Amino acid sequence: MDAALDLLAGVLLLGGALMSLAAAVGLLRFPDLLSRMHAATKPQVLGLLLFLLAIAVQQRTWAVIPVLVLCWVFQLLTAPVSAHMVGRAGYRTKHLRKDLLSMDELDEVVEHAANRRRKEADRASNE
Amino acid sequence: MTILFGIVAVILGFSALCAIYRVARGPSILDRVLAVDVLLAIVGGALAADMVFNGHTNSLVILVATSVIGFIASVTVARFVTERK
Amino acid sequence: MMTRQRIPLLVELPLLVWLVLVWGALWQDFSPGNLLFGALIAFAVANLLYLPPVELGGRFNLLYAVGFAGRFLYQLVLASVQVFWLALTRGPHLKNAVVAVRLRSPSDLLVTATGHALSLIPGSLVVEVDRSTSTLYLHCLNVVTSEDAENVRRNVRRTEEWLIRAMGSREDLARLGMPAPHHLDGRGHQ
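Protein chains in written order, with this note's numbering: chain W, 1 to 127; chain L, 128 to 212; chain D, 213 to 402.
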């Protein structure tokens with residue numbers, strides 16, 4: 001029984017390590033910042049979960065569970081925020097590669113707003 | 128068991144190398160902060176693997192701290208980039 | 213000194229309970245003395261470092277919350293493997309898209325929660341939020357045709373639906389085109 005649980009912990013660790021590998025390979029191979037963003041932040045959510053589960057399986061006490069849950073909850077709360085901040089900054093800088101987008105519905109909105117602002121400015125200067 | 132941990136160590140090491148390559152290569156500061164974030168997550172994974180292998184929980188608090196510190200780092204850099212533009 | 217609205221204790225309570233639980237978990241000690249000290253600190257933190265209160269929907273359905281968690285975990289695993297596969301096989305030849313999705317609920321909490329859940333699942337990332345129309349602009353991996361984009365939209369709206377059923381207000385539920393079933397209407401004690 002103990003040996004089986006230890007093995008399970010090992011397999012969970014292996015899964016977590018593979019998720020780190022997914023992030024790293026994505027970082028290397030994806031063509032632009034926003035795609036790398038997907039590869040970098042997201043597999044970590046599952047990766048950390050697997051690592052924490054491995055610790056829980058290996059320890060087999062209730063005492064560690066709250067810290068492990070807290071650790072994962074912190075990540076759940078923070079990872080999307082940092083991903084959004086970096087993604088937003090990346091979208092607005094010159095590092096966005098438009099040629100890789102098959103469709104950009106935000107661009108249309110931004111363009112529209114810019115046009116309207118320009119028209120309003122024109123009207124104001126004419127008066 | 129030891130073989131399994133060997134494999135885990137090799138995978139984590141290789142992932143760390145990939146991340147370091149991306150830090151060196153860039154091209155933008157946002158790519159770098161992203162890669163540093165991944166590197167931090169890999170360090171967290173290594174800490175977890177160490178705890179499982181040696182059966183202790185000493186670095187558990189560091190694990191919690193890393194998940195928050197990585198967040199602060201990337202938000203700071205992202206704000207810096209947005210403001211400076 | 214800025215005058216601020218007093219927050220009723222009942223609205224503040226979920227935050228305080230959460231802070232006390234964090235305190236206990238960090239110390240790995242849930243003894244009454246430690247929790248009491250944690251409660252004092254939580255009260256001080258909540259009142260000295262003032263933030264506007266989060267407006268909850270006023271109801272919570274455990275059944276749908278568990279269902280949402282299960283769906284979330286399933287998608288997390290599926291999408292993580294997919295991104296790994298894409299990185300290995302497609303690599304540099306990847307087409308993405310920025311898709312606009314209009315959500316039904318105007319509630320800040322629900323828009324945030326939906327955006328959070330979507331950002332956590334690999335393959336989609338919130339780039340921009342229009343709060344006035346509660347529209348999310350998502351950057352999605354490997355979206356080529358408009359059919360793919362429609363799939364993304366459908367998935368986002370289904371995520372929102374689960375969240376509304378779990379913790380949306382009754383107005384949001386009505387917006388789903390279905391009245392709140394009586395036996396599911398929890399008012400916090402379901």
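It should be emphasised that the hints constitute simulated quantities derived from the structure, not laboratory data. Because the structure is a prediction, the values reported are computed rather than measured. One should not assume that every hint holds.
[Stated by the list, open to error] Below are the SDA-like pairs computed for lysine to any residue, each with C-alpha atoms no more than 20 Å apart in a straight line:
id, chain 1, residue 1, chain 2, residue 2
1, W, LYS119, W, MET103
2, D, LYS307, W, PRO31
3, D, LYS307, W, LEU101
4, D, LYS307, W, THR78
5, D, LYS307, W, LYS119
6, D, LYS307, W, GLU108
7, D, LYS307, W, ARG29
8, D, LYS307, D, ASN259
[Said to hold, decoys possible] Going by beta-carbon spacing under 7 Å, a handful of chain L positions derived as facing chain W:
id, residue
9, LEU139
10, HIS183
11, THR184
[What the hints assert, rightly or not] Covered stretches of chain D (in silico footprint by chain W; criterion: 3 or more residues with CB under 8 Å from a CB of chain W, positions within the stretch not fixed):
id, stretch
12, 246 to 256
13, 341 to 355
14, 365 to 375
The beta-carbon is built from N, C-alpha and C at its ideal position, and this holds for glycine as well.
Hint-by-hint comparison with the structure:
A distance of roughly 26 Å separates the Cα atoms of LYS119 of chain W and MET103 of chain W; the hinted pair therefore is violated under the 20 Å criterion. Restraint check for LYS307 of chain D and PRO31 of chain W: the C-alpha separation of about 10 Å stays at or below 20 Å, so the hint holds. For the suggested pair LYS307 of chain D and LEU101 of chain W, the alpha carbons sit about 6 Å apart, so the restraint of at most 20 Å is met. For the suggested pair LYS307 of chain D and THR78 of chain W, the alpha carbons sit about 27 Å apart, so the restraint of at most 20 Å is broken.
Between the alpha carbons of LYS307 of chain D and LYS119 of chain W the distance comes to roughly 34 Å, so the proposed pair goes past 20 Å and is violated. For a cut-off of 20 Å, the pair hint linking LYS307 of chain D to GLU108 of chain W stands: about 18 Å separates their Cα positions. A C-alpha spacing of about 13 Å is found between LYS307 of chain D and ARG29 of chain W, which places the hinted pair at or below 20 Å, so the restraint holds. Simply put, LYS307 of chain D and ASN259 of chain D have alpha-carbon atoms about 48 Å apart, too far for the 20 Å limit, and the pair is violated.
Hint status for LEU139 of chain L relative to chain W: holds, with the closest Cβ pair at about 5 Å, below 7 Å. Here the hint on HIS183 of chain L is broken, as its CB sits about 9 Å from the closest CB of chain W, past 7 Å. With a least beta-carbon distance of about 6 Å to chain W, the hint placing THR184 of chain L at the interface is held under the 7 Å criterion. Given a C-beta distance limit of less than 8 Å, the hint that chain W covers the stretch 246 to 256 of chain D is violated, as 0 residues qualify and 3 are needed.
With 5 residues carrying a beta carbon less than 8 Å from a beta carbon of chain W, the stretch 341 to 355 of chain D meets the three-residue requirement, and the given coverage holds. Beta-carbon proximity to chain W at under 8 Å applies to 0 residues in the stretch 365 to 375 of chain D; the threshold of 3 is not reached and the given coverage is violated.
Comparing the model with each earlier hint shows violations of hints 1, 4, 5, 8, 10, 12, 14; every other hint is respected.
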